[in-house]
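Peer 1: Protein sequences, first through last, are from chains A and B. For the first sequence, our numbering puts the final residue at 154, and the numbers step up evenly by one. For the second sequence, our numbering puts the final residue at 119, and the numbers step up evenly by one.
Honestly, I wouldn't trust all of these hints.
If you want a taste of the chain B side facing chain A, the calculated C-beta under 8 Å gives, among others [unchecked claim]:
| no. | residue |
| --- | --- |
| 1 | Q11 |
| 2 | K58 |
| 3 | Y61 |
| 4 | I102 |
| 5 | L108 |
| 6 | F109 |
Where chain B lies over chain A, by a calculated footprint (3+ residues, C-beta under 8 Å) [claimed, not checked]:
| no. | region |
| --- | --- |
| 7 | 19–28 |
| 8 | 64–72 |
| 9 | 111–122 |
Hint data in this document are derived by calculation from the structure and do not stem from the laboratory. Glycine included, each C-beta is placed from N, C-alpha and C at the ideal position.
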Amino acid sequence: MSELKPGPVAKPTTVEVRLPSRMGYEKVAMSTAAAVAQLMGFRAGRIEDLKTAVAEACINAIEHGNRLNEKLSVGVVLNAGTDSLEVKVIDDGKGMSKQPAKPNIDRKMHGQEDPRGMGMFLIQALVDEAEWVAGTDGKSSYVRLVIRLDKDEE
Amino acid sequence: MQSETKAHVDQLTSPAGDPVAVLRFEGDIASTSKDAVIGTYQALPKETAKLILLDFSKVDYINSSGIALVIQLLIEAANSGQKVSAFGLSAHFTKVFTMVGIPKYASLFPTQAEALAAL
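Turn these sequences into a full structure, and let the hints guide you.
Peer 2: Below is the structure:
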C-alpha cells in the first residue's frame, strides 16, 4: 500500500467486504470506503459524507434487510472508477418499496413522526446518486451509491 | 464493535449567573447509547436544570439512531421548559444536524465558550 499515491485511479478497481448482520460492523465498511476514497484523492469533507452514507446503508441492510439475523451477511462492493466511487450494499431483504422522505423536525418534536427514520434521507442527501434496487428473487436487494470526484479534487 | 458511550455531567454558570448542566459525551452515539444520552439527561433535576449544553467534542461517530436519541432528548427538554444548546460537533456532523433541522430546537456552537456566552 505504501507505493499508492492519492489520485484518480488509472483503471477501475473493486474492493469487497462482507459484514456480519450485527450492529456496529457498519464501521468496518465505513473505514474501508474511506480508505478507498482517500486513495482516489477525495477531499476530507466528501470522505466524511461517504462514511455517513455507507454507514447508514449498512445499518439499514443489517437492521431492516437482514433483520439482525447473524446467519446472513451484508455485502459491500466498492467500485473505484476514474472519476467516481460506486458503493453497493447488498442484503437478503426484499428491498425498499418507497423513496426516502425528508425528515420533518417539527413533526418529530411534536410526536407526529418517529424520531428515527433519517438514514435513507441522509444517504440521498450526502452522495451524488442513490438508488434502492429490489432483488428480482424477492431478496438480494441493494442500495447503490455514487460519489464523484470534484474537478478541484483531481 | 461500537465504542461504548460515556457521559458525565459538569455544572457551570451562565454569564447571567444561572446554573448550566453540561452533558459531556465520549465515544460513539448510536442505538446502544440510550442509557448514556437519555439516562444521563433524565437524571438531571428538572426543577433546577433549565439550561443544558451537550458537549460532542469527544464524539467521533454519530449515526441516525444516535441523532434520533438527541431528538428524543430535545422533545423531553422542550416539554420540561429547558433550553438546550450543543457544541463541539465536527464540521461534518454540524452539517448533518443542520440537514435534519436540529438547530431549530438546539443552537449549535463550535466551542463551549461560545455556547455559554450565548445563554
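Peer 1: Tell me, which hint numbers fail for this structure?
Peer 2: Going through the list in order, the structure violates hints 1, 2, 5, 6, 8 and respects the others.
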